[in-house]
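Chains as they are written, first to last, in my numbering: chain A, 1 to 358; chain B, 1 to 275.
Calculated from the structure, these hints are not laboratory results.
Do not rely on the hints blindly, as some may be mistaken.
For lysine to aspartate or glutamate, the following DMTMM-like pairs were computed, each having C-alpha atoms within a straight-line distance of at most 20 Å [what the hints assert, rightly or not]:
1) A:K350 - A:D100
2) A:K129 - A:D25
3) A:K350 - B:E66
4) B:K172 - B:D133
5) A:K350 - B:D69
6) B:K129 - B:E111
7) A:K350 - B:D23
8) A:K350 - B:E244
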Amino acid sequence: MFYREAGQFKTSYAADQAAFPLLEDRIGIAILLLVAVIAIPLLASNFFLNTIMIPFLIFALATIGLNILTGYCGQLSLGTGAFMGVGAYACYKLTTTFPDINIIVWILASGIFSAGIGVLFGLPSLRIKGFYLAVATLAAQFFLEWCFIRVPWLYNNNASGAIEVPTRTLAGIAITGPTADPLTRYFTVLVIVSVLTLLIGNLIRGRIGRTWMMIRDMDIAAELIGVRPLAAKLSAFAVSSFVCGVAGAMFVFLWLGAAEPSSFNIRLSFQILFMVILGGLGSMAGSFMGAAFIFILPIVIRMLPAALDLDIGAATAEQLNFMIVGALIIAILIVEPHGLARLWAVFRQKLRVWPFPY
Amino acid sequence: MTEAATTGRDTILDVANIEVIYDHVILVLKGVSLTVPRGGIVALLGANGAGKTTTLKAISNLLRAERGDVTKGAILFEGEAIQAMSPNALVTRGCIQVMEGRHCFGHLTIEENLLTGAYTRGDGWSAIKADLDKVYAYFPRLRERRSSQAGYTSGGEQQMCAIGRALMSRPKMILLDEPSMGLAPQLVEQIFEIVHEINAQEGVSFLLAEQNTNVALRYATYGYILESGRVVMDGVAEQLRQNEDVKEFYLGVAGEGRKSFRNVKHYKRRKRWLT
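Here chain B stands alone, though its shape is the one from the complex:
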């Protein structure tokens, strides 16, 4: 979108003006555009029901399973249109989603769970073993729990397992949906720290949907704010963090005491102009 997002680097994911309809009749996304630069962390922010998860599922092509459909716009991954591809074809191309609520295989052990992530790979056991060690290096906690059933591990461990499992497919890009859901603030910080580390060391791009605006904007390079299916604001993460409106409406800290209702209406009007 703006130069800041694209200058100097090429884009890995380009979502252009997509419209999503559920069940043939319910309009959810009303023209969402965003770009993820290669090797960047982009945050997708917004309240519940704003369309963050829907955007991620539109990219990873999971919508059809929920009776949704992308009716307009285009999604390009590394310059290639991916709308007609199945989710599994997308994984082999290097774009993988970590779903909200972890979805670990409950009856498999942590290590087996991680190995399932390497399902699409054909480069041999030794390469997979090396990646497994790398994942254990990022998440030392997983090594301790490697032989316990995923169903009996804590929420934080399951989230780590889900991210580690995605990493095992050697992705170029991870779509991360609500990694902070139901986790203690300390664990959230830890997980974001690891995401940052993976991004810096492996060059994996991240598109992360988050409720926790504060944390997300500290680790992301660029942010988009969604509201009822539209992008209402976007900018470099640092600028968004300083922005008075974002502070007030998404971080919950008012700039100058109480605001009158008139200002809120004014804000809504201004927001409409921004889109």
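Isolated chain A, as found in the complex:
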């Protein structure tokens, strides 16, 4: 009923291979974009933008980054937090060393540094697989976190050991720093996340993405067909770390405003990994769903007692929060072990054949 594919004929390969070949999907994406660009800025308060939308988009991008590596290329990584940190510290060094160059350029450029570090720590993936690789990337996590603490050059010898975001402008409007308007930062994040999502989505649908998926599904068969595992795995590490690095730079520059090494600890890595698993390994839409579930749901639950005039202590509410979110994660994974994206795919398939059962 909602997906009427009848009559949607394709007359060219280009039309057939479009990112969204179905008219209904195009309408859906257009509605989502319109909501993000028009409805949210008009209706949302600064608080809503600051605590929900901006971090949600940044986490979604980081999740996409890890999804490239874990979901599409099958390489388990626990170093996401550190790679985000590399992006953040690189961006800080770049913008304090060259303050005149636009901050957007530096946010994107910091991804390149992160990609380089990612490739370096991705080298062991040629020899080790699965859990062992997770342990190797865990080493990256601890080593880089150590660097953020012990190398004063990274934070310009600040007494506090933290990095603070300086004010940077674009066409006279402050984008980063304490004076930047949440709406400006929201639009900046939205544009970067949308553009990168589109680019990565197309990268995955193409030749490079297919080689990643070949490595994931059966690395030996991929090798037999002529895929170079070295190139495929390292490119996955590079692109993944690039995206994570950009997300990390935005994490500090467009959301937190200041960061210390503990912002990028193992907790962050796990949080992103859970977003990937819950959203669905190997799904772009799933990355957004996973980020929304893990990040937004606890905030909503935290606000519920106040909204319902329930008088429970803050500590109790926080405990309840952990319990409810934990139980929901388990419940969803029991219902659908392949994550929210698969749940949506099954639902969509049902809509396509409705009113028939199959």
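Given the coordinates of chain A, assemble chain B onto it according to the supplied hints.
This is chain B only, laid out in the frame that chain A set:
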């Protein structure tokens, strides 16, 4: 179904008009019915993707692991509905599946593999030991390789190991999926010979899914032919072997030279009437 399948003996397995859907949306079996008489060997034949493995997995309740579901029909094992049972409960009841592609435990030795088959039994070591000797008597080759890791044995030995392992649970019925896969014709013959022997001496019933129609019909008593999720033909094995259509479409030997396309269409139409 027909009297030939049921007369004189009681049935051990009765599959009545089952429908299987994968992933909530893909219809795979469109009403398959079959019966296995106690102590019989029934062959389930058909091309790739006809639904043979799905039928076996529906019986042994392994479908849920692959996001499949039996949505219609009933499966009775010894007169008892078994759809709600877990695969392991089914093993204790005496119905065990030997999966396609062997699935031996690679790091265990052949003997350890065979002993895992006795996992559900509670009748003591001496009984298990006796059964182990019996399995070695059926498969002398396994005795020679008893201390080598299953992962390093040949395909034929692994297939023997898988059948022997199933036998160790003292089953009443074995669901045998593609025992001939990837084996030399001589070994296929040997394995079917042993299956026949086990059937005759232990009274174990077999439901075997096979691509190798020729061999399967020589050892089976009754056969069903599946095509795209439906039973298109069934009959006593000997009759199926003589049947011109089966010969042409599944054995690959044409009766009278080349056939015209019109006859093929005619055959398809006739087949629809048979179901």
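So, going through the hints one by one against the coordinates:
Under the criterion of a C-alpha separation no larger than 20 Å, the hint pairing A:K350 with A:D100 is inconsistent with the structure, at around 54 Å. At roughly 37 Å between alpha-carbon atoms, A:K129 and A:D25 are farther apart than 20 Å, so this suggested pair is violated. For a cut-off of 20 Å, the pair hint linking A:K350 to B:E66 stands: about 19 Å separates their Cα positions. Between B:K172 and B:D133 the alpha-carbon distance is near 19 Å, which keeps this suggested pair within the 20 Å criterion.
Straight-line distance between C-alpha atoms of A:K350 and B:D69 comes to about 16 Å, which keeps the hinted pair within the 20 Å bound. Distance check on the hinted pair: B:K129 and B:E111 sit about 11 Å apart at the alpha-carbon level, within 20 Å; holds. For the proposed pair A:K350 and B:D23, the alpha carbon gap of about 10 Å is at most 20 Å, so the pair holds. Among the hinted pairs, A:K350 with B:E244 is inconsistent with the structure: their alpha-carbon atoms are about 43 Å apart, more than 20 Å.
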